[in-house]
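With the hints as constraints, model all of the structure from the sequences given.
Top line first, the protein sequences correspond to chains Z and X.
Anchor point for the first sequence: position 136 equals 150 in this note's numbering, and the numbering is continuous, going up by one each time.
Anchor point for the second sequence: position 58 equals 232 in this note's numbering, and the numbering is continuous, going up by one each time.
Note that these hints are calculated values from the structure, not bench results.
Since this is a predicted model, take the numbers as computed values, not measurements.
No residue lacks a Cβ here, since even glycine has one placed at the ideal position from N, Cα and C.
One or more of the hints may lead you astray.
If you anchor each label on the Cβ, the simulated ranges turn out as follows [what the hints assert, rightly or not]:
{"#": "1", "chain 1": "X", "residue 1": "Leu541", "chain 2": "Z", "residue 2": "Gln289", "range": "36 to 44 Å"}
{"#": "2", "chain 1": "X", "residue 1": "Ser181", "chain 2": "Z", "residue 2": "Ala89", "range": "27 to 35 Å"}
{"#": "3", "chain 1": "X", "residue 1": "Ser181", "chain 2": "Z", "residue 2": "Leu38", "range": "27 to 35 Å"}
{"#": "4", "chain 1": "X", "residue 1": "Ala534", "chain 2": "Z", "residue 2": "Tyr183", "range": "50 to 58 Å"}
{"#": "5", "chain 1": "Z", "residue 1": "Val165", "chain 2": "X", "residue 2": "Leu566", "range": "48 to 56 Å"}
{"#": "6", "chain 1": "Z", "residue 1": "Gly157", "chain 2": "X", "residue 2": "Phe364", "range": "40 to 48 Å"}
{"#": "7", "chain 1": "X", "residue 1": "Ala622", "chain 2": "Z", "residue 2": "Leu38", "range": "15 to 23 Å"}
{"#": "8", "chain 1": "X", "residue 1": "Asp440", "chain 2": "Z", "residue 2": "Tyr183", "range": "33 to 41 Å"}
{"#": "9", "chain 1": "X", "residue 1": "Phe364", "chain 2": "Z", "residue 2": "Val193", "range": "29 to 37 Å"}
{"#": "10", "chain 1": "Z", "residue 1": "Tyr183", "chain 2": "X", "residue 2": "Phe588", "range": "28 to 36 Å"}
{"#": "11", "chain 1": "X", "residue 1": "Ala294", "chain 2": "Z", "residue 2": "Arg61", "range": "45 to 53 Å"}
Under the rule of at most 25 Å between Cα atoms (straight-line distance), these lysine to aspartate or glutamate pairs were calculated in the DMTMM-like manner [said to hold, decoys possible]:
{"#": "12", "chain 1": "X", "residue 1": "Lys611", "chain 2": "Z", "residue 2": "Glu18"}
{"#": "13", "chain 1": "Z", "residue 1": "Lys20", "chain 2": "X", "residue 2": "Asp606"}
{"#": "14", "chain 1": "Z", "residue 1": "Lys241", "chain 2": "Z", "residue 2": "Asp149"}
{"#": "15", "chain 1": "X", "residue 1": "Lys358", "chain 2": "Z", "residue 2": "Glu18"}
{"#": "16", "chain 1": "Z", "residue 1": "Lys20", "chain 2": "X", "residue 2": "Glu361"}
{"#": "17", "chain 1": "X", "residue 1": "Lys365", "chain 2": "Z", "residue 2": "Glu310"}
{"#": "18", "chain 1": "Z", "residue 1": "Lys20", "chain 2": "X", "residue 2": "Glu597"}
{"#": "19", "chain 1": "Z", "residue 1": "Lys20", "chain 2": "X", "residue 2": "Asp360"}
{"#": "20", "chain 1": "Z", "residue 1": "Lys171", "chain 2": "X", "residue 2": "Asp217"}
{"#": "21", "chain 1": "Z", "residue 1": "Lys20", "chain 2": "X", "residue 2": "Glu362"}
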Amino acid sequence: MRSETKVILALLLLLLGLEAAARLMETRLSKDVQHLRSLPEQAQKLRGTTHDRARILLLGNSLARCGVHIPTLQAGIQQAMEAEPTIAVMHPDGSKIEEWAYGYNRFFRDTASEPDLILLITGRQHLTDKIKSIDDLGAFYVGTNDLPAFVANHLHKLEDTGWFFASRYSALMAHRARVEPLVFYKFVPGYEQTAQEINRGIQAPAVTPAATCNTFSQFASDLAKRKVKLVVVSAPLPEPFSLPPEVLKAAALSKAFVHEAGAKMRLPPERFPDQYHLDEIGADIFTKDLLPSVIEALKTRTADH
Amino acid sequence: MWFNSISFWMFFIAIAALCVPFGYKTQNRILLGASYFFYGYIDWRFIGLIFFCTALNFLAGWKIGHSTDPVARKRWLTVAVSISLTVLGIFKYLGFFSHELSRLLVSFGVLESPWIIHVALPVGISFFTFHALSYTIDVYRGETPVCRDLGDFALFISFFPQLIAGPINRSTQLLPQIDSPRPKLDEERFKKGLYLVLCGLFMKVVLADNMAWLANHVFRSGLPQQAAPEVLLGIYAFALQIYGDFAGYSAIACGTAIWLGFDLMDNFRRPYFALNPRDFWSRWHISLSTWLRDYLYIPLGGNRKGPRRTAINLFLTMLLGGLWHGAAWTFVAWGAVHGAWLVIDRMVNHGASSEKTTTAKSAVHWLVTFHIVCLTWLLFRAESMAQVANLLSNLVSQWHWTAFASTAATLITFFGLPWLIFEAWLESKRDDWALLKSPWLVRAIIFAALVLYLLFFPPPAPSEFIYFQF
Numbered sequence: 015m016r017s018e019t020k021v022i023l024a025l026l027l028l029l030l031g032l033e034a035a036a037r038l039m040e041t042r043l044s045k046d047v048q049h050l051r052s053l054p055e056q057a058q059k060l061r062g063t064t065h066d067r068a069r070i071l072l073l074g075n076s077l078a079r080c081g082v083h084i085p086t087l088q089a090g091i092q093q094a095m096e097a098e099p100t101i102a103v104m105h106p107d108g109s110k111i112e113e114w115a116y117g118y119n120r121f122f123r124d125t126a127s128e129p130d131l132i133l134l135i136t137g138r139q140h141l142t143d144k145i146k147s148i149d150d151l152g153a154f155y156v157g158t159n160d161l162p163a164f165v166a167n168h169l170h171k172l173e174d175t176g177w178f179f180a181s182r183y184s185a186l187m188a189h190r191a192r193v194e195p196l197v198f199y200k201f202v203p204g205y206e207q208t209a210q211e212i213n214r215g216i217q218a219p220a221v222t223p224a225a226t227c228n229t230f231s232q233f234a235s236d237l238a239k240r241k242v243k244l245v246v247v248s249a250p251l252p253e254p255f256s257l258p259p260e261v262l263k264a265a266a267l268s269k270a271f272v273h274e275a276g277a278k279m280r281l282p283p284e285r286f287p288d289q290y291h292l293d294e295i296g297a298d299i300f301t302k303d304l305l306p307s308v309i310e311a312l313k314t315r316t317a318d319h
Numbered sequence: 175m176w177f178n179s180i181s182f183w184m185f186f187i188a189i190a191a192l193c194v195p196f197g198y199k200t201q202n203r204i205l206l207g208a209s210y211f212f213y214g215y216i217d218w219r220f221i222g223l224i225f226f227c228t229a230l231n232f233l234a235g236w237k238i239g240h241s242t243d244p245v246a247r248k249r250w251l252t253v254a255v256s257i258s259l260t261v262l263g264i265f266k267y268l269g270f271f272s273h274e275l276s277r278l279l280v281s282f283g284v285l286e287s288p289w290i291i292h293v294a295l296p297v298g299i300s301f302f303t304f305h306a307l308s309y310t311i312d313v314y315r316g317e318t319p320v321c322r323d324l325g326d327f328a329l330f331i332s333f334f335p336q337l338i339a340g341p342i343n344r345s346t347q348l349l350p351q352i353d354s355p356r357p358k359l360d361e362e363r364f365k366k367g368l369y370l371v372l373c374g375l376f377m378k379v380v381l382a383d384n385m386a387w388l389a390n391h392v393f394r395s396g397l398p399q400q401a402a403p404e405v406l407l408g409i410y411a412f413a414l415q416i417y418g419d420f421a422g423y424s425a426i427a428c429g430t431a432i433w434l435g436f437d438l439m440d441n442f443r444r445p446y447f448a449l450n451p452r453d454f455w456s457r458w459h460i461s462l463s464t465w466l467r468d469y470l471y472i473p474l475g476g477n478r479k480g481p482r483r484t485a486i487n488l489f490l491t492m493l494l495g496g497l498w499h500g501a502a503w504t505f506v507a508w509g510a511v512h513g514a515w516l517v518i519d520r521m522v523n524h525g526a527s528s529e530k531t532t533t534a535k536s537a538v539h540w541l542v543t544f545h546i547v548c549l550t551w552l553l554f555r556a557e558s559m560a561q562v563a564n565l566l567s568n569l570v571s572q573w574h575w576t577a578f579a580s581t582a583a584t585l586i587t588f589f590g591l592p593w594l595i596f597e598a599w600l601e602s603k604r605d606d607w608a609l610l611k612s613p614w615l616v617r618a619i620i621f622a623a624l625v626l627y628l629l630f631f632p633p634p635a636p637s638e639f640i641y642f643q644f
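Structure representation (structure tokens):
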């Protein structure tokens with residue numbers, strides 16, 4: 015065999031080995047992958063609940079995971095509705111509206127596991143249009159039913175199409191972006207602080223383009239058509255913020271409930287140990303604050319029925 | 175359609191496959207069409223400009239080659255050189271020089287406010303202009319025959335692997351290859367192409383773009399005062415970024431050209447192992463430094479008119495070389511510093527024998543050369559002379575360690591050190607192709623490492639090739 019053929023075969027073997035390893039060990043790579051792979055179970059939880067109990071889906075990212083205290087939410091709803099609710103969660107790290115909308119459709123809508131109410135926890139820019147990772151959408155979120163529409167609406171560049179399908183069909187490509195943070199956060203001194211410092215500089219463009227929220231608008235309107243109540247809650251952050259007007263307009267058009275804790279709640283800095291996420295006490299305070307909106311939405315749904 | 179994009183590789187595979195069944199004449203037409211498509215895909219507005227530059231120099235070359243009258247020959251050379259340089263000047267320097275002139279007039283009270291003229295810069299204009307000029311000058315000097323086919327000449331100017339950022343190939347090297355049957359893509363050529371493409375992709379995607387993340391932060395204006403280690407590491411990061419970016423581009427250009435049957439000029443030869451400025455310029459952007467030597471330094475008199483004139487010629491050549499890179503005082507200063515350094519080195523080391531150099535002495539020379547080169551990168555990268563002054567002042571006064579410095583030092587080691595070790599090994603072998611002569615397993619291991627880096631350590635944000643703006 016020619017020597018260069020051996021070199022190429024060795025490289026192919028390496029890639030195949032990595033693909034196999036990624037498929038076998040993906041859930042050990044990160045808690046986030048574990049969570050993503052557990053979404054069918056979350057859907058099953060809702061599907062298996064009888065209609066006399068409220069079915070709630072907590073949707074968001076780490077702001078939802080750290081910010082909403084599930085036992086407080088559960089107890090509050092049980093007390094108000096006189097029945098224990100079923101709460102499923104979908105809060106992958108770093109996700110935003112594109113992941114939430116397509117992920118919801120794939121794991122909940124398309125498997126007939128829709129909840130009565132979606133509690134959507136968002137930060138400042140999570141509901142405006144901007145695809146963060148085409149790879150992740152291809153690998154984890156866009157289901158077969160949404161694929162033609164996604165291709166038509168979002169895959170206008172050959173580059174994006176290539177990465178989308180590579181991640182969809184290869185575990186190695188889907189998970190490759192998880193390796194660098196794993197290594198760097200663990201072994202590079204000061205990396206977290208430096209990354210935050212650099213990204214703060216990069217993410218401050220002189221002119222902010224006008225925000226659109228077409229994905230959120232479509233998502234909210236689809237939910238309204240299928241009579242799933244939507245409660246949009248802005249999470250409290252160290253710096254107060256308001257949701258973009260376009261988001262509020264789209265929410266109003268779809269008759270979604272909006273709870274702007276991000277603008278109104280003032281929590282002391284010690285409630286944000288990493289300067290972004292709430293600690294457990296903060297989560298309890300925030301959950302109690304949003305409970306009335308959730309209960310009101312649930313009661314409206316009961317009245318509609 | 176950058177070299178590190180999926181679209182480029184699909185384009186390249188399609189063109190390479192299309193060429194296979196045809197003879198070299200048809201291949202030339204396919205490659206010419208592909209090259210114009212490639213340029214048009216990046217910026218269709220200036221396709222006409224490339225064609226104009228091509229037609230002008232083709233005509234001038236034709237007229238020069240077919241005339242025996244020295245006056246007419248000189249006239250055509252002057253016309254081609256003047257028009258080409260005027261076009262380059264308008265697109266590249268008009269905005270800068272008119273702004274600087276108007277600022278001067280403002281200071282004398284002649285104008286109320288400075289002019290701001292925005293002229294869109296055609297991608298790769300400096301490269302294809304120099305490309306074309308080298309042909310016309312070579313025909314005038316009788317060093318290359320007249321090209322009789324406009325299509326072949328247009329391909330020489332626009333051949334897509336080298337169109338945007340070089341290497342600046344000479345007519346003497348590339349035109350004969352265009353006008354003759356291509357060598358077969360045998361194992362040897364495939365192997366060379368693969369090696370260059372893989373190394374080029376690593377240098378651009380992994381080394382350059384990851385270093386850009388650090389360097390851009392240090393060179394971002396409006397930041398609070400930076401610590402000296404941050405500035406120093408930012409400069410090191412930029413040194414690796416610009417090397418990875420440009421040498422990576424050149425390696426991919428040479429690799430893809432080899433697969434298409436062409437041998438382009440080497441553009442880099444481990445420049446950070448240079449022991450003095452002459453050595454550095456014989457390893458860095460070789461196609462530009464030899465162009466400047468042959469078409470500027472030597473016509474100015476080179477070293478034939480005494481030490482004083484040699485020094486002036488060297489300095490002037492480097493000054494113009496700096497200006498070639500861009501219309502800004504920082505580039506002029508960068509060229510001037512390199513010019514002055516070459517002059518001083520020539521004065522100090524003129525006639526010194528290199529045989530006496532010991533390892534320790536070489537190490538000192540290397541260390542000094544590397545750091546002077548790095549300091550000149552500060553001029554090259556800075557957004558203004560004020561920023562240069564600010565960073566230099568921080569470099570000497572703000573000595574305290576920071577989290578950014580820890581991260582930058584670790585990442586520079588992680589990304590840069592393995593590559594520099596590999597280059598040190600090549601340097602010890604004094605052979606650019608040493609890896610291809612080693613056992614296949616060694617090659618497989620090194621290629622695997624490059625692939626793993628490419629897969630798992632992509633940059634936080636991909637950057638454009640720096641030299642595209644030149």
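Outcome of the hint check:
1. X:Leu541 x Z:Gln289: 36 to 44 Å: holds (42 Å)
2. X:Ser181 x Z:Ala89: 27 to 35 Å: violated (55 Å)
3. X:Ser181 x Z:Leu38: 27 to 35 Å: Since X:Ser181 and Z:Leu38 have Cβ atoms about 33 Å apart, the given range 27 to 35 Å holds.
4. X:Ala534 x Z:Tyr183: 50 to 58 Å: holds (56 Å)
5. Z:Val165 x X:Leu566: 48 to 56 Å: Since the Cβ atoms of Z:Val165 and X:Leu566 sit about 52 Å apart, the hinted range of 48 to 56 Å holds.
6. Z:Gly157 x X:Phe364: 40 to 48 Å: Roughly 42 Å apart at Cβ, these two residues keep to the hinted range, so it holds.
7. X:Ala622 x Z:Leu38: 15 to 23 Å: holds (20 Å)
8. X:Asp440 x Z:Tyr183: 33 to 41 Å: 39 Å Cβ-Cβ, so the 33 to 41 Å window holds.
9. X:Phe364 x Z:Val193: 29 to 37 Å: With Cβ atoms ~30 Å apart, the hint holds.
10. Z:Tyr183 x X:Phe588: 28 to 36 Å: About 30 Å separates the Cβ atoms of Z:Tyr183 and X:Phe588, which means 28 to 36 Å holds.
11. X:Ala294 x Z:Arg61: 45 to 53 Å: Given range 45 to 53 Å: violated, Cβ gap about 58 Å.
12. X:Lys611 x Z:Glu18: Holds - the C-alpha atoms of Z:Glu18 and X:Lys611 are around 11 Å apart, at most 25 Å.
13. Z:Lys20 x X:Asp606: holds (22 Å)
14. Z:Lys241 x Z:Asp149: The given pair, whose Cα atoms are some 31 Å apart, is violated under the 25 Å limit.
15. X:Lys358 x Z:Glu18: holds (16 Å)
16. Z:Lys20 x X:Glu361: holds (12 Å)
17. X:Lys365 x Z:Glu310: violated (69 Å)
18. Z:Lys20 x X:Glu597: holds (24 Å)
19. Z:Lys20 x X:Asp360: holds (16 Å)
20. Z:Lys171 x X:Asp217: Distance of about 17 Å is within 25 Å: holds.
21. Z:Lys20 x X:Glu362: It holds: about 14 Å lies between the C-alpha atoms, which stays within 25 Å.
Of the hints listed earlier, those the structure fails to meet are numbers 2, 11, 14, 17, in rising order.
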